[in-house]
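Letter by letter, the chains look like this.
Number of protein chains: 2
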Amino acid sequence: MERRAAVIDLGSNSFRLVVFTWTGDWWKRTDEIYEPVRIGEGLSEGGVLRPEPMERAARTLELFDHFTRATGIEDVRPVATSAIREAGNQAEFLAMAKKRTGLDIRVLSQEEEARYGYLAAVNSTTLSDGVALDIGGGSMQLTRVADRLPTEMRSWRLGAVRMTERFLPGKRQTRKDVKALRTHVQKKMATAPWMRAGGRLVGVGGTVRNLATGVQHLAGQPAFGVQGVEITREALEELIDRLLELPAHDRSKVPGIKPGRADIILAGAVVIDAVMEAGGFDSLEATQAGLREGVFFETLMEGTDPPLIADVRRSAVLNLSAQYHPEHQHTQHVADLSLEMWDALAKAGRFDPAPGERDLIWAAAMLHDVGTAVDYDDHHKHSRYLILNAGLPGHSARETALIAQMARYHRKGSPSMGELAPHGRPGDEDVLNRGSAVLRIAEQLERARDQVVEAADLRLHDGTADLVLKASDDVTLARRSAEREAEIFERAFGVTLSVR
Amino acid sequence: MERRAAVIDLGSNSFRLVVFTWTGDWWKRTDEIYEPVRIGEGLSEGGVLRPEPMERAARTLELFDHFTRATGIEDVRPVATSAIREAGNQAEFLAMAKKRTGLDIRVLSQEEEARYGYLAAVNSTTLSDGVALDIGGGSMQLTRVADRLPTEMRSWRLGAVRMTERFLPGKRQTRKDVKALRTHVQKKMATAPWMRAGGRLVGVGGTVRNLATGVQHLAGQPAFGVQGVEITREALEELIDRLLELPAHDRSKVPGIKPGRADIILAGAVVIDAVMEAGGFDSLEATQAGLREGVFFETLMEGTDPPLIADVRRSAVLNLSAQYHPEHQHTQHVADLSLEMWDALAKAGRFDPAPGERDLIWAAAMLHDVGTAVDYDDHHKHSRYLILNAGLPGHSARETALIAQMARYHRKGSPSMGELAPHGRPGDEDVLNRGSAVLRIAEQLERARDQVVEAADLRLHDGTADLVLKASDDVTLARRSAEREAEIFERAFGVTLSVR
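Heads up: the protein sequence lines correspond to chains A and B, in order. Using my numbering, read the first sequence as starting at 1 and increasing by one per residue. Using my numbering, read the second sequence as starting at 1001 and increasing by one per residue.
If we strip away everything but chain A, and leave its shape as in the complex, we get (with noise of 0.2 angstroms):
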């Protein structure tokens, strides 16, 4: 059965409504109304919201009042950050709102944000050991990461609306105001010295996702998405340079960087750096999932404390290949074929595989024929686009390129990282070749989907390969469909096919 939730997100720089929607198999983001409400306007520490923001917060959540009201999502969790919890009016916004929504607004404590936060990160990356920034428009949240659990938490009011207007308001900033920033971050992190305790960064919220964008602009990496991006500080500090060229308002015409972020981008940006320089990081993995995934993990996992996604890159892979292709015993049974043979060749030592590179058969093997969905006609080109649209979370954005394009390799075609190219390693070809290779002659076997080939026992001899097919019935078929995919292996392998 479906089930669906709306989390409100009443951040600092915009309100966003976003719906879930789950079963016991997958869940997605399955709608969305951003609305760049700004109600932290004006607001200085201590201060109070001004009517103007209010009023504009009011209509906002009248629509999303509507909206759950017209598309029957009863379960609607409204929450607020930073802005909201310090304004020294927030009791009157709060009963406004009841008044004109009937929404019951939850203001997160510092505490409560940092977790969300934090939630987001280690249940869509891999991270284990390291810290979780997670930037706002008010405030800042980072937390020491240890085995997956948290082990320190603290936010600051350092987001990146504040910080725009304390030190970059105005059209035009000079390196000394992004100096000014940049010491006052430093100050402030001075008093978290368990920053410094090494692991990953990873980053969370609007700002680092537009800076991701901007990054692989500036790579000449075609972006799909920003999910598993890596943000070098050196990269960061060249955004950083072109953005401080241009008037506050034009930033938007550095490639990659959104109309509505242009005249915030920069303090967010100048924050994260100090940041980065402030643990000793050399880089950040952003993230898509935010604040608003943090609260809907919590209702997914409902009972679970905390609640953690037990293997994030099976679970990613699993999810997008259970929303699209239904049938799961073709697919495994592709991928313990691959395995079994791509094993079989790493054993003999006929490469040296790259990290990961087995975890990536088997995503694409699962992943194969999700392009079903939009046509069976090129449906490897379309399981391609869903696999780099949809995003894998704990996966790279390399990984998932070499994910789509093993799928998009599965049938037809000479193997080539084409224009994703530019996210991949020295190397990735060859990766990219074996687990093509495997994968298509393995679909192969499978041709009839009956499982008919139990096993596939590939026995190496010099420059040979015998494929010796367990099978309980006449599989002649199967057996000359693989024979024809020779080539390809060899290509990858280096040894002559023959399947028997």
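Check the hints yourself; a few may be wrong.
Unchecked claim - Chain A is nowhere near these chain B residues, computed Cβ spacing over 10 angstroms in every case: (1) 1089; (2) 1190; (3) 1198; (4) 1235; (5) 1277; (6) 1339; (7) 1391; (8) 1461; (9) 1463; (10) 1490.
Said to hold, decoys possible - One side of the interface only, derived from the structure: several residues of chain A facing chain B at Cβ under 8 angstroms: (11) 25; (12) 29; (13) 32; (14) 36; (15) 59; (16) 385; (17) 389; (18) 447; (19) 477.
Hints listed in this document are in silico derivations from the structure and should not be mistaken for laboratory results. Values in this document were obtained by computation on a predicted structure and should not be read as measured data. Built from N, CA and C at the ideal position, the CB exists for glycine as well.
Here the structure of chain A is known, so what remains is to put chain B in place on it, guided by the hints.
Coordinates of chain B only, in the frame set by chain A:
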């Protein structure tokens, strides 16, 4: 409830198993196995199927049988055409197939085969008066259609495999060989004077589909399936010239031509060209549907004779919409509001509508959100992808491109045909601008998905347009959101917009 049926097409060139899945709301082709059996190899008129092709056929049927058992498909409909129909040892072949697979193969008469081709043509295009052409490996069927009903049907032994063996065997062919084939076809056509009774020509079958792809490549049009692609005689003859330049097995070097058809595509092209000449047709419209869909339509519309889809264009849009997006009330209301505005502008003479323009806007409105099935982010781009790749029967490639681009620009970006421009005609950028503009405003009015804006009454005075909203509730935010799209509206219609 989802139902499934497998149609097995035992053609002279290839065998193909196609799975159709359907509910009360939609149907689609969900799976397929293709095997280039060439059962008719070496079979001359009145001859017998040879042992080797028969054994290939039996193994392929065994594979199909395994497949349907493994996937639990009980409704299996195997049909055989020309080669098996005419084989002296047909009974022997059928008995062997029955023994080895349990399949009861139905051998179609010439009339039945022609009828399925006709059903495919009229249920996947808007062909009302004209001719449906269905060319396979062994035979070619022509059906004269009047008011969507068949009035004449004939089958000739003019299939692509058969004509290759008889007129164009071997590695290289000359203009003289081609001329001999052409003369042969023309003689046959002389016996069907109803060919010259005018109307449109629609083409069915793998040869037609492959030629359509070839013609798209020639014209520099990005290919997204062949549904509705127009093959002019001029383009077809250019393609024939290019094919003639190459040896038979190398003809897949002509862009778009499939390797599996390299040796028989020239004969198919010449037969079609000669038929076009004989019938006085300047162009042929390709359709994705074929004999297999014809058989399926009989299943889908059981009890109706002939099984005709009442409105092919409308059904195609609703079929695609139902597969992806259940929020019918929202999309329907966006369609209503869009067309209300468009009608007012058309009535006021603000532009000259292109033929069918109103239908395109309706289709784009109904399909604008299908992309959320891929991912909410960039769902407008995903809608475009799904529309282009799933295809829309009853629409030309140009119309499908326009609908896809309107859906793409229902939010964000500046409307443009972009890389699809080669599919368009002069003025299509304006059609797109108009469609995107009304769609975008309607979408904003429907932000809350609650149909609270009941009507959008557009009142035109020289140079300005007042959009007066009828609503049962406060719609300030919807109004403001709509006003944000004023610029695109002005660009499309040349009038300034205000909303109240």
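**Study point:** Contradicted hints - numbers only
**Key:** 7, 11, 14
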